[in-house]
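Enquirer: One-letter residues, chain by chain:
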Amino acid sequence: MQSYIPILFFAAIAALFPIAILVVMALLRAKAPNPTKLSPYECGIASATDAHDHRFSVRYYLIAVLFVVFDVETVFLFPWAVMYDKLLLFGLIEMAVFLYILVLGYVYVWKRGALSWA
Amino acid sequence: MSDATFALVATGAKILFVWVIALATILPNLVWAERRVAGMIQDRPGPNRVGPFGFFQIIADGTKFFMKESVTPLYVDKLLYNLAPWITLMPGLVTFAVIPFGATLPVTIGGVTREVPLVIADVNIGILYIFAFTGLGIYGIVLAGWSANNKYSLMGGLRASAQIISYELAMGFAAAGVFLAAGTLRLSGVVEWQQQHVWNVVPQFVGFLVFLIAAFAETNRLPFDLAEAEEELAGGFHAEYSSFKFGMFFMGEYANLIAASALLATLYFGGWSLPGVAFTGVWGALASVAVFFAKTIGFIFLFLWVRWTFPRFRYDQLMDLGWKFLLPLSFFHLIAVAAFVAAK
Chain Z
6 MQSYIPILFF AAIAALFPIA ILVVMALLRA KAPNPTKLSP YECGIASATD
56 AHDHRFSVRY YLIAVLFVVF DVETVFLFPW AVMYDKLLLF GLIEMAVFLY
106 ILVLGYVYVW KRGALSWA
Chain Y
473 MSDATFALVA TGAKILFVWV IALATILPNL VWAERRVAGM IQDRPGPNRV
523 GPFGFFQIIA DGTKFFMKES VTPLYVDKLL YNLAPWITLM PGLVTFAVIP
573 FGATLPVTIG GVTREVPLVI ADVNIGILYI FAFTGLGIYG IVLAGWSANN
623 KYSLMGGLRA SAQIISYELA MGFAAAGVFL AAGTLRLSGV VEWQQQHVWN
673 VVPQFVGFLV FLIAAFAETN RLPFDLAEAE EELAGGFHAE YSSFKFGMFF
723 MGEYANLIAA SALLATLYFG GWSLPGVAFT GVWGALASVA VFFAKTIGFI
773 FLFLWVRWTF PRFRYDQLMD LGWKFLLPLS FFHLIAVAAF VAAK
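Chains Z and Y are the protein sequences, given in the same order. If you're matching positions, the first sequence starts at 6 in my numbering and goes up one per residue. If you're matching positions, the second sequence starts at 473 in my numbering and goes up one per residue.
There's no promise every hint is true.
As the list claims (entries may be wrong) - Taking lysine to aspartate or glutamate and the EDC-like style, the derived pairs with C-alpha atoms no more than 20 Å apart in a straight line are:
| # | chain 1 | residue 1 | chain 2 | residue 2 |
| --- | --- | --- | --- | --- |
| 1 | Y | 816 | Z | 90 |
| 2 | Y | 536 | Y | 506 |
| 3 | Z | 116 | Y | 788 |
| 4 | Z | 42 | Y | 541 |
| 5 | Z | 116 | Y | 792 |
| 6 | Y | 536 | Y | 725 |
| 7 | Z | 42 | Y | 549 |
| 8 | Z | 91 | Z | 76 |
| 9 | Y | 796 | Z | 76 |
| 10 | Y | 550 | Z | 55 |
Said to hold, decoys possible - Cβ pair distances, simulated, as ranges:
| # | chain 1 | residue 1 | chain 2 | residue 2 | range |
| --- | --- | --- | --- | --- | --- |
| 11 | Z | 70 | Y | 546 | 30 to 36 Å |
| 12 | Y | 778 | Z | 49 | 29 to 35 Å |
| 13 | Z | 7 | Y | 536 | 29 to 35 Å |
Said to hold, decoys possible - Which chain Y residues stay away from chain Z? Per the calculated CB distances, all over 12 Å, these:
| # | residue |
| --- | --- |
| 14 | 483 |
| 15 | 508 |
| 16 | 514 |
| 17 | 526 |
| 18 | 537 |
| 19 | 562 |
| 20 | 593 |
| 21 | 649 |
| 22 | 658 |
| 23 | 675 |
| 24 | 715 |
| 25 | 746 |
| 26 | 756 |
| 27 | 774 |
Derived by calculation from the structure, the hints in this document are not laboratory data. Fair warning: this is a prediction, and the values are worked out from it, not measured in the lab. The beta-carbon is built from N, C-alpha and C at its ideal position, and this holds for glycine as well.
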């Protein structure tokens, strides 16, 4: 754990630096709000609807779900990759089986059209 | 001076060095460099009026960021709206803590010589740390897009999230090949391995290409800047931000760019090492720092060059490239690397 202490210091500076600038600059800069300035930007036309009332493509959701599945696989790959010089042939076959199952799922998802946007 | 005091001072000096060089020098100058490179590529002068070669343009730009009125639109989610730029900027900055930027530096104080490894924190899960923090960066963009309550922002945030998570997969698979060859997740271990054997870019050229393309997508740079897409989304996720809050997104993008360049140099181009050169002694260590920053700046230039050369992808092309080309390619690359290592 010792090696993480410098990271803590580094992260603290990174976290406080923008906040410090924001606070200092808030004292210096001009402030002249008016209703038009504070309305949502929409190319100069008054907004007719709320942005959150609009629907968006379900594919974004699908991509997120697929990401979770495949990202967990990547996490499994890292310890395997590091220990590979000790596992060797056993590790290779083991991972070939693992990746084979993964590729099956990938091909299925592709065939069902989940990866196409057109 | 006791060992504990020395370790504390050395760590403080390293943190200061990285802040001064990487973040306080390269980052602001990158804004100027980008505009000069853009001018060079488009056969026009670029900013050249403020100071020699327009060098003080960064001071003018910076002052503008600080002094402009900070407009917070009425219908935003205040908490998330203010938090989002901070979440975007943080991960880009903290990545530098685990990247080794030089060989071991011997320091002699009072007749005692101590070795200082030139990396702020040499953690044994270096790459997982970096992936974890760059993964957090997505939250900043998504929250910015959602909290601004603006249609352009919402679209930009959605696009960015889908794009970044898609390319993160290929990036992870490509990087796994490097750690498989080196047998460690420690970045200094990867550099040492490359010093003893060969730069990873030679045996793992395919992995390098996948990682490079994914790095462009992860940093939201052209040809993958669909999250911003000025022509259709009017700036995308940061359309409602102004003043220094916009500046934080801007700095976050550049911090990510520098981090990605440093990571590319470390994983595939030998980090601070050069083939056939042993960096020993004080001058050797300093030379290795220069080598590391030269490689990093080389990659930064590549990022700028590509930005002003290629047009933007269409969204379906972007998703096809990530999911149907880079992902399977990185699968097969990893299997090939594993088979090659097993055969040896």
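Enquirer: Next step is simple, just say for each hint if it's right about the structure.
Expert: Status of each hint after checking the structure:
| no. | hint | verdict |
| --- | --- | --- |
| 1 | Y:816 <-> Z:90 | 10 Å, holds |
| 2 | Y:536 <-> Y:506 | 18 Å, holds |
| 3 | Z:116 <-> Y:788 | 17 Å, holds |
| 4 | Z:42 <-> Y:541 | 11 Å, holds |
| 5 | Z:116 <-> Y:792 | 14 Å, holds |
| 6 | Y:536 <-> Y:725 | 18 Å, holds |
| 7 | Z:42 <-> Y:549 | 17 Å, holds |
| 8 | Z:91 <-> Z:76 | 24 Å, violated |
| 9 | Y:796 <-> Z:76 | 16 Å, holds |
| 10 | Y:550 <-> Z:55 | 16 Å, holds |
| 11 | Z:70 <-> Y:546: 30 to 36 Å | 35 Å, holds |
| 12 | Y:778 <-> Z:49: 29 to 35 Å | 34 Å, holds |
| 13 | Z:7 <-> Y:536: 29 to 35 Å | 43 Å, violated |
| 14 | 483 | 5 Å, violated |
| 15 | 508 | 25 Å, holds |
| 16 | 514 | 27 Å, holds |
| 17 | 526 | 24 Å, holds |
| 18 | 537 | 9 Å, violated |
| 19 | 562 | 6 Å, violated |
| 20 | 593 | 4 Å, violated |
| 21 | 649 | 8 Å, violated |
| 22 | 658 | 9 Å, violated |
| 23 | 675 | 15 Å, holds |
| 24 | 715 | 7 Å, violated |
| 25 | 746 | 26 Å, holds |
| 26 | 756 | 23 Å, holds |
| 27 | 774 | 25 Å, holds |
The structure fails hints 8, 13, 14, 18, 19, 20, 21, 22 and 24 (numbered hints given earlier, in ascending order).
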